[in-house]
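*Asks:* Protein chains in written order, with numbering that gives the first Met the number 0: chain A, 0 to 238; chain B, 0 to 626.
Hints are computed from structural coordinates only; laboratory data are not their basis.
These numbers come from a predicted model, not from an experiment.
Among these hints, one or two may not hold up.
A few chain B residues facing chain A, derived, Cβ under 7 angstroms [stated by the list, open to error]: (1) I293; (2) F452; (3) V520; (4) M521; (5) P589.
Simulated crosslink set (SDA-like; lysine to any residue; CA at most 20 angstroms straight-line) [claimed, not checked]: (6) A:K2 with B:L411; (7) B:K358 with B:V510; (8) B:K358 with A:V95; (9) A:K31 with B:L411; (10) B:K358 with B:I373; (11) A:K226 with A:I156; (12) A:K31 with B:G537; (13) B:K498 with A:G75; (14) A:K31 with B:D531; (15) B:K498 with B:S433; (16) A:K226 with A:I125; (17) A:K31 with B:K358; (18) B:K358 with A:S141; (19) A:K31 with B:S433; (20) A:K31 with B:I236; (21) B:K358 with A:D147; (22) A:K2 with A:V124; (23) B:K358 with B:P593; (24) B:K358 with A:I91; (25) B:K358 with A:P97; (26) B:K498 with A:D79; (27) A:K31 with B:S255; (28) A:K31 with B:T488; (29) B:K498 with A:P120; (30) A:K31 with B:E540; (31) B:K358 with A:I69; (32) A:K31 with B:Q538; (33) B:K358 with A:L89; (34) B:K358 with B:L247; (35) B:K358 with A:Y103; (36) B:K498 with A:R74; (37) B:K498 with B:G442; (38) B:K66 with B:H77.
A virtual CB, placed ideally from N, CA and C, is assigned to each residue, including glycine.
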Amino acid sequence: MAKNRRHFIIATVLIVICTLLVYWVLDTVLLKSAAAVVEAGPIDYLFDLHIWLIAFLFALVAVFMCYALIVFRARGDEGDGEHIHGNGLLEIIWTVVPCFIVVYFSWIATTMLIDLTRPNPDEYVIIAEGRQWSWLFTYPESGAVTPDLVLPVDTPIRMDLTSDDVLHSFWVPEFRVKQDNVPGMVTHVRFTPNLIGEYVLRCAELCGTNHSGMLATVRVVSQEEFKLWQSEQVALLQE
Amino acid sequence: MSLFTLGIARGLVGQVLGMVIGMLLTCAVRILLGWEAWAAEPAWTVGAVCSIIGFLLGVGSLDDWLKWTKGIPTPMHHGPPVDKPAWTRYFSVDYNHKVIGVQYTVWGILLLMVGGTVAMIFRTELARSGLQFLGLDLYNSFIGMHGMIMIFAILLGVGGMGNYLVPLMIGAEDMAFPRLNALGFWFNVPGSILLLLSLFVGGWDAGWTAYPPLSARGPIGYQLFFLGVFAIGLSSIVGSLNLLVTILRMRPAGMSLFRMPIFCWAVFATSLLQLTATQLIGTSFLMVSVQRAIGMGFFDPRGILGEVSPMVGGGDPVLFQHLFWFYSHPAVYIFVLPGLGIVSELLPVFSRKPLFGYKWIALSSLAIGIVGFIVWGHHMFVSGYNDILRIPFMYATLLVAIPTGVKFFSWLGTIWGGKIHFDTPMLFVLGAISVFLIGGLTGPILATVPTDFPLHDSYFVVGHFHATMFGGFVFPFFAALYYWFPKVTGRMYNETLGKIHFFIMTPAFWVQTLGQMGVGVMGMRRRIADYDPTLGAGQIESWQLAVTIAGFAIAFGVMLMLWNFFQNAEVGVAAGDNPWRSRSPEWQIPSPIPEHSFPAPLRVVGEPYDYGLADSGYVTTASPGDD
Ligand code: HEM
Ligand SMILES: [Cu+2]
Ligand SMILES: [Cu+2]
């Protein structure tokens, strides 16, 4: 028993070190795209929480496994190991503790999801139609129709997604959120751009031959520029 | 000896004839209706259905039942065929579960090689951005083809392990229904042939998930693909029924459920899933097939005036996804539970220590299976179904992590304090744990909806499920191949080559799966023929190259293994009856196993994993009076 205690102390130290190491590695090598919407904040926070969990659980199993493999290797000895059939208390612990972790994560994700999808009375509505293999955006407010998506910064946006042919999916990596375009129904995705710049909308649901090329330019512009752009579009329409 | 003494040759001829007859039948009906005689899609569809029947008739797996309808008795024949060389039984209908197990396994390995080759082709294409040598349509066909061929291969591997091992482990003479068992195997052959043939009639470009409306519009290849899957599904259903009955009804005296070798528990849980969920993928694919063939608008909201047949619409594409995932989520556990069972089975042998928490491991398989039925919505978080329902699906999905965790911790408990030997099978078991750990740990981040938004349909998912499938199937399957090779052939494989295989394949796989996840986080979508080289601050191409190189290394490792087996199957060193000093029943009998596995009925006298308990046995063939 005393011997086991020493093993456990060493293992615990190794687990702490290994957790920090794995977290650091994952944090450095995983290159997330820039965050260009308000919603990226909470999503990236939860992402980070998951990375901590992954680092810890990985360390827990990997350290115990490698440790056991080294310490308990057979060393040319043909005998048998200890005759232990299990330990009810341990089994209960490692069933119950994860339950709490699971509920904790689900709970955070639930409240976050409700926030992310809550309708906002001031939201600006744009219709995005996916078609094999291009996008078409309609601005109901002005009647403008364009192949590029232009968005006013700091404005809550609701995209109404439609399709007349097959499934597509609206995804701008910098916006994090994603939603399918489904023929026969209108689906919604909400976000608030907060970083002026140019991004690429990438269809994320396999939709046939040129799915990989089903892209559209997304420009997040200042609110003044957006107004200007919109009046230009209206003028174009009236010509 | 003519070629046609081989059942498989007759079967292939039967398949071709069936196809031709089916096509002629379609033309005849169309002529009677006053339509143009030839229409490719209905002709191929009916032809494909008839070709499956043609194969089964040709190979002879329906012979006995047909004789029964005429009242002709068909006594069970044991042993190799009387008037032909013994090896021919592996190419013909045979009712011995050991033969059928080998048939499943070998056919599975062949498909694994075909699927792997397809993967290597498109992986080469992805090594650099830009399209080098594959066209867009061919690329799209290839990724779906790779996925589905691999699924077939896995199901065959699972069937192979279950058929070969379960009767031996519970000391049964054979499976409960030997004829059904043979039929179960032979469904796979015409099924996989249809799948491969589909590439030559236009392919199919919607991935293995084949979501309509896309799959309802593409080339004729879809029909062959759907019917191929249907045939494999039938195999799963009859095969799992057989295993369930065998496990429940054919155990020897004294072997209570909690005294079975743990692998049988894994097979039991797997078979429950297979028996009850497979119908759903069959139904969903059949419905798309019917939608295409005669214009039933199951999954299409709008009518189309197709060239094939007009369709009125009124259907729902999301419904398909529900039906599909109701099978295909449990299916992922069908793929991995037997493999996890192999891990639990081998760890005690090579650690020389009892399995830690037998009942917990056994019941965790069942728990995973049961909870697995209520989580399908996690594949559809952004598909447009009722927003609120995403929350219960999220809870249920994360719940699966708990029994999965129980397995990991119990495995650690098993090796802790053991006397661990590092033979090749054990190495692959340890590799399996490390890889399945990566796969399992990357599940929860996909299960919480907000973090699934960016990751869904990205390469991250590709990394996740390759890790789960390699950790849960491929590594344990290879472990099983190395471990039971001496039992099946009586010869030992080359240990050095086995170790080289392991040390090439394991690190390569880590690179591959982590690389896939990495490019996914950068923003690369899955199922794209070409990617944006500016992703990940321009680093994506070097990651892709690393993944491709790792993929080739894995392929090389697999070839090394096959060569090792091929070399040693006939001329290797004699392995002896029990080279691993296992307590399991199949190791207490000669290698290779004689036609009738056990000389006398087994009797259970102890626990299966009492390593370290002196003078304890698990099974004996002696009757109580003998001692
Ligand atoms: C800890 C347990 C696991 C959790 C929480 C989990 C969660 C998930 C989730 C949420 C997805 C959907 C991702 C998306 O499309 O956005 C997914 C995909 C997938 N998972 Fe897992 N998973 C787990 C274990 C497994 C296991 C054991 C397998 C067995 C092979 C597996 C195989 C797959 C496959 C094949 C897919 C992708 C299917 C596709 O879209 O083509 N997962 N997993
Ligand atoms: Cu697309
Ligand atoms: Cu799933």
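*Asks:* Which numbered conditions among the earlier hints are violated in the structure presented, ordered from lowest to highest?
*Replies:* The structure breaks hints 1, 5, 7, 9, 10, 17, 18, 19, 20, 21, 22, 23, 26, 27, 28, 29, 31, 35, 37; every other hint is satisfied.
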